[in-house]
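Enquirer: If you read the protein sequences in the order shown, they are chains D and Y.
Quick note on the numbering used here: the first sequence kicks off at 1 and runs consecutively.
Quick note on the numbering used here: the second sequence kicks off at 1 and runs consecutively.
Keep in mind the hints are simulated off the structure, nothing from the lab.
Incorrect hints may appear among the rest.
Stated by the list, open to error - Here are the simulated BS3-like cross-link-like pairs (lysine-lysine), alpha carbons at most 25 Å apart as the crow flies:
no.	chain 1	residue 1	chain 2	residue 2
1	Y	Lys-2	D	Lys-175
2	Y	Lys-6	D	Lys-224
3	D	Lys-103	D	Lys-224
Said to hold, decoys possible - Taking beta-carbon pairs under 8 Å as the criterion, some of the chain D residues facing chain Y (in silico):
no.	residue
4	Ile-21
5	Val-67
6	Phe-71
7	Leu-73
As the list claims (entries may be wrong) - Here are some chain Y residues pointing at chain D (derived, C-beta under 7 Å):
no.	residue
8	Met-8
9	Ile-12
10	Leu-68
11	Ser-72
12	Tyr-76
13	Asn-79
14	His-80
Cβ coordinates follow ideal geometry from the N, Cα and C atoms, glycine included.
Read off the chains here:
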Amino acid sequence: MLTIIIRSIIIYLVVLFVFRIMGKRQLGQMQPFELVLTLIIADLATIPMAEISVPVLHGIIPLFTLVLLHFLLTILSKISSRFGYFISGKPVIIINPKGIDCKALKALNLSIDDLFEAMRGVGYFSLDQIQYAIMETNGKVSILPKSKFSPVTNGDINNKADETSLPVNLISEGKILKDNLEIAKVDEKFVLDFLKNQANNNKLKDVLVMTIDKSGKVIIQMRKGESKVFENVRDSL
Amino acid sequence: MKIFSKVMLILIFLFLIFISVFEEVVTSNALSQVHNICFILEEKVEGLEDIRKSEFILIVDNMEYDWLKNESKMCYLVNHKSIQEIGAEIAKMKNYLGENDIKEFKASLEAIKFYSESYLHFMGANFHNIF
């Protein structure tokens, strides 16, 4: 029994160490490959704990191998966004201003009931409240409400306002997201010119994130420093 | 990525390499050693009617001593149940020597040869084991 107790302590400490170096993501925020990894780790850890004839190393070695694999996949995902999309998937718009995107639902293997459940989960009970709904790669649904259904809505104060638009990520961690350029109706030159002329001649690699919306509002966050907001950028360039 | 994580990943990588090499060296040396001694003993006892000789007792004692030493190292790396038969057969051989039971002694030698060959195949990184 003492052996099992000591083994359990060792395995527990190793699993704790493994999760510690893997990062602080919580279960609900996991990407698919991280969830797979967590399930395997949980299973692997129990084998040498209960079976005395199995060396503790038989539990530790696969754990360490999986950690290395996890970091390799993370690094590859950062190097190649295509690979990242392949491993983690891509956020998918399931509701747009025209309504529910049936093709997207089918591709995600989601039923209408699932969609409504997810909507209710974030506090929206009617389709007409939603401007955009996005299925994130971690399985959660993010909703951008129509402006009159925002927490403090313009509708409440009878203020006529333009419909909200979806900000599009143009740069993520120093890399231009080429797929999103088309959605935002800008090109690579626009992004580079903006960085050169308006954003204090910042280098692309130093940009953590840059978004643009339909009205031309650009939000830029450098790796070091505070985020900055630029209004009507489309007109000025 | 934090420096801590980077250092840990490098250490884990080195640890995995070390363990892989250590396992390969320890298991193949231990199993080859016991396998070779069995061949030597088999040749020596061939045609003999009396095996109660101090030379054989010494060889088997040394084989047992070396095996126990190697077995304790291997226990960190392989399932203990998988390698315990060799130790059991060596213990039996000591009895057969005392009783001059040549037939059983040879059978034990064959068993050890079989186990050591199978374990060598079973523990190596090859196509069959991986898939």
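Enquirer: Now look at each hint and say whether the structure bears it out.
Expert: Hints, one by one, checked against the model:
| no. | hint | result |
| --- | --- | --- |
| 1 | Y:Lys-2 x D:Lys-175 | holds (21 Å) |
| 2 | Y:Lys-6 x D:Lys-224 | holds (21 Å) |
| 3 | D:Lys-103 x D:Lys-224 | violated (40 Å) |
| 4 | Ile-21 | holds (5 Å) |
| 5 | Val-67 | holds (6 Å) |
| 6 | Phe-71 | holds (6 Å) |
| 7 | Leu-73 | violated (13 Å) |
| 8 | Met-8 | holds (5 Å) |
| 9 | Ile-12 | holds (5 Å) |
| 10 | Leu-68 | violated (17 Å) |
| 11 | Ser-72 | violated (12 Å) |
| 12 | Tyr-76 | holds (5 Å) |
| 13 | Asn-79 | holds (5 Å) |
| 14 | His-80 | holds (4 Å) |
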